[in-house]
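Peer 1: Residues per chain, in single letters:
2 protein chains.
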Amino acid sequence: MINETIECILAHRTVRDFEDRLLSKEQIELLVHCAQAASTSSFVQAYSIIGVTDTDQKKKLSEITGNQASVAKNGHLFVFCADLHRHDVIGELEGKDVAVSLESTEKFMVSVIDATLAAQNTAIAAESMGLGICYVGGLRNDLKKVCELLKIPDKVLPLFAVAVGYPATINEQKPRLPLEHVYHEDCYEQDQAVYKEQLQQYNEEIQDYYAKRTGGERADTWTGQMAKMLAHPQRLYMHDFVEKQGLNKH
Amino acid sequence: MINETIECILAHRTVRDFEDRLLSKEQIELLVHCAQAASTSSFVQAYSIIGVTDTDQKKKLSEITGNQASVAKNGHLFVFCADLHRHDVIGELEGKDVAVSLESTEKFMVSVIDATLAAQNTAIAAESMGLGICYVGGLRNDLKKVCELLKIPDKVLPLFAVAVGYPATINEQKPRLPLEHVYHEDCYEQDQAVYKEQLQQYNEEIQDYYAKRTGGERADTWTGQMAKMLAHPQRLYMHDFVEKQGLNKH
Numbered sequence: 001m002i003n004e005t006i007e008c009i010l011a012h013r014t015v016r017d018f019e020d021r022l023l024s025k026e027q028i029e030l031l032v033h034c035a036q037a038a039s040t041s042s043f044v045q046a047y048s049i050i051g052v053t054d055t056d057q058k059k060k061l062s063e064i065t066g067n068q069a070s071v072a073k074n075g076h077l078f079v080f081c082a083d084l085h086r087h088d089v090i091g092e093l094e095g096k097d098v099a100v101s102l103e104s105t106e107k108f109m110v111s112v113i114d115a116t117l118a119a120q121n122t123a124i125a126a127e128s129m130g131l132g133i134c135y136v137g138g139l140r141n142d143l144k145k146v147c148e149l150l151k152i153p154d155k156v157l158p159l160f161a162v163a164v165g166y167p168a169t170i171n172e173q174k175p176r177l178p179l180e181h182v183y184h185e186d187c188y189e190q191d192q193a194v195y196k197e198q199l200q201q202y203n204e205e206i207q208d209y210y211a212k213r214t215g216g217e218r219a220d221t222w223t224g225q226m227a228k229m230l231a232h233p234q235r236l237y238m239h240d241f242v243e244k245q246g247l248n249k250h
Numbered sequence: 001m002i003n004e005t006i007e008c009i010l011a012h013r014t015v016r017d018f019e020d021r022l023l024s025k026e027q028i029e030l031l032v033h034c035a036q037a038a039s040t041s042s043f044v045q046a047y048s049i050i051g052v053t054d055t056d057q058k059k060k061l062s063e064i065t066g067n068q069a070s071v072a073k074n075g076h077l078f079v080f081c082a083d084l085h086r087h088d089v090i091g092e093l094e095g096k097d098v099a100v101s102l103e104s105t106e107k108f109m110v111s112v113i114d115a116t117l118a119a120q121n122t123a124i125a126a127e128s129m130g131l132g133i134c135y136v137g138g139l140r141n142d143l144k145k146v147c148e149l150l151k152i153p154d155k156v157l158p159l160f161a162v163a164v165g166y167p168a169t170i171n172e173q174k175p176r177l178p179l180e181h182v183y184h185e186d187c188y189e190q191d192q193a194v195y196k197e198q199l200q201q202y203n204e205e206i207q208d209y210y211a212k213r214t215g216g217e218r219a220d221t222w223t224g225q226m227a228k229m230l231a232h233p234q235r236l237y238m239h240d241f242v243e244k245q246g247l248n249k250h
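Chain order of the listed sequences is A and B. Quick note, the first sequence lines up with residues 1 to 250 if you use full-length UniProt numbering. Quick note, the second sequence lines up with residues 1 to 250 if you use full-length UniProt numbering.
Note that these hints are calculated values from the structure, not bench results. Glycine residues also receive a C-beta, built at the ideal position from the N, C-alpha and C atoms. It is possible that part of the hints are untrue.
Pairs of lysine-lysine, DSS-like flavour, derived with a Cα cap of 27 Å [to be verified]:
1. A:25 x B:196
2. B:96 x A:196
3. A:244 x B:249
Here are a few chain B residues that sit away from chain A, every Cβ distance over 10 Å (derived from the structure) [to be verified]:
4. 22
5. 26
6. 51
7. 63
8. 69
9. 87
10. 160
11. 169
12. 170
13. 208
14. 213
15. 215
16. 249
Modelling step: build the complete structure from the supplied sequences, incorporating the hints.
Peer 2: Written out as structure tokens, the structure reads:
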């Protein structure tokens, strides 16, 4: 059952350190064509991609992410946006009132899903070409600034960047949650004891992973890491900002 | 640059009509492993997958989607869910207050993105194995019922199903928006005349596509189709329902 594509998918690891070598126009266009080939809800194609080529723009975006190196130096930087602006223009062109639709949580979800499907096609295609990729959610630290820099109109929301490039350093793969914890048959896992036991089992695996990587210095558990992170809510401006962009309002 | 994986991605078309032949346990597990190999925001792994095997369950889910055949008859039905329930349990296990984080729009977006990245890996892996796939957003017609059927807890939101199976009928590929309309360099397209011209160009392409497929009977434009659909807002219960699930609250 294993084939080249599945090998590529299973070999995924994040690359944050790229060589100083740009992608060609042909590579970029191919990656966008791959993005566009993804499924789209009711054919709405509710996303846009901004390719950032300007070094200064990359630097400014990197600052927003807390100076992530992959944003400043890469082969190409794709910013994936949920996009219902196009459909706003369409409403105007066709003389139809589409406002209630476009402002709904349903269509917000559709646009986030569409943009993400497209992004993952780009990511896999890039990896299949021997390139490395890194998703960068850190743009969401300050979307107001991102929108200003990229001249983003109403009803468009930048979600994340995908930095693509020639890998300089290749990271290890982090072990994932046990399959049985993520995948349930016929209904969501109902046995709380089993559920918690799986988390415990995974904690041990993650502790081993960190111990090996750091020569015993680090011994985080996954649940410890997650609880620590989630105890400090991040980006609470998002709810109002998304509404101000004209999305997720009702 | 073209390789097997890119060929597979570019060849995507939706399959709605499957043979009466189930996927094996090995195929299903491999597809879940592929899902899990996707990137995940800050390692949160904020999704779950429900595999539906029960024929009666499939039938009930199909009814919710308006009797879509691909939901009732397929090789396997994966329901992808945004999942922060796991992190709620983690907060409890670790004695940390994670409520504000988990209820935020930011983390709602993270969980939708994580689930969608995973789903697209499953979709591509399945297609690379010669299987067909169909995303089914129609589950969102009645998520309350879906949650009851699949015993979905608080802070979990089913987003869509991916029906996978052996194709009985293969559809044509629909042409996508012009690349220049979806992909902008350095900033969002600022010239409204160019923007609208691209939509017009695409309308002609779509009209040709439908005319050829239907022997001239159908002549929809894309903007016409979209405006017609969006003039009738769908699933307006979603905003409150998502909040009731404990997500996207502030």
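Peer 1: Residue 213 of chain B: least C-beta distance to chain A exceeds 10 Å?
Peer 2: Since the minimum Cβ distance to chain A is about 14 Å, residue 213 of chain B lies beyond 10 Å and the statement holds.
Peer 1: With a cut-off of 27 Å on the C-alpha distance, tell me whether residue 96 of chain B and residue 196 of chain A pass.
Peer 2: Within the cut-off at roughly 16 Å; holds.
Peer 1: Just checking, residue 22 of chain B versus chain A, shortest CB gap more than 10 Å?
Peer 2: Correct as stated: the minimum Cβ-Cβ distance to chain A is 13 Å, above 10 Å.
Peer 1: Just checking, residue 26 of chain B versus chain A, shortest CB gap more than 10 Å?
Peer 2: Nearest chain A Cβ is 7 Å from residue 26 of chain B, so the label is violated.
Peer 1: Minimum C-beta separation from residue 160 of chain B to chain A exceeding 10 Å: can you confirm that?
Peer 2: 7 Å, violated
Peer 1: Decide, holds or violated, for the assertion that all CB atoms of chain A are farther than 10 Å from the CB of residue 169 of chain B.
Peer 2: 17 Å, holds
Peer 1: Does the alpha-carbon distance linking residue 244 of chain A and residue 249 of chain B stay inside the 27 Å limit?
Peer 2: 16 Å, holds
Peer 1: Does residue 249 of chain B sit more than 10 Å from chain A, CB to CB?
Peer 2: 8 Å, violated
Peer 1: Mind verifying the non-interface call on residue 87 of chain B? Its CB should be farther than 10 Å from each CB in chain A.
Peer 2: With a cut-off of 10 Å, residue 87 of chain B comes too close to chain A, as the shortest Cβ separation is near 6 Å.
Peer 1: Beyond 10 Å on every Cβ pair: is that true for residue 170 of chain B relative to chain A?
Peer 2: 15 Å, holds
Peer 1: Quick one: work out the minimum CB distance from residue 51 of chain B to chain A and report holds if it exceeds 10 Å, violated otherwise.
Peer 2: It is violated; residue 51 of chain B is separated from chain A by about 5 Å at its closest Cβ, not greater than 10 Å.
Peer 1: A cut-off of 10 Å on Cβ-Cβ distance, and residue 63 of chain B was said to be off the interface with chain A. Does that hold?
Peer 2: 17 Å, holds
Going down the numbered hints, you'll see the structure goes against 5, 6, 9, 10 and 16, while the others check out.
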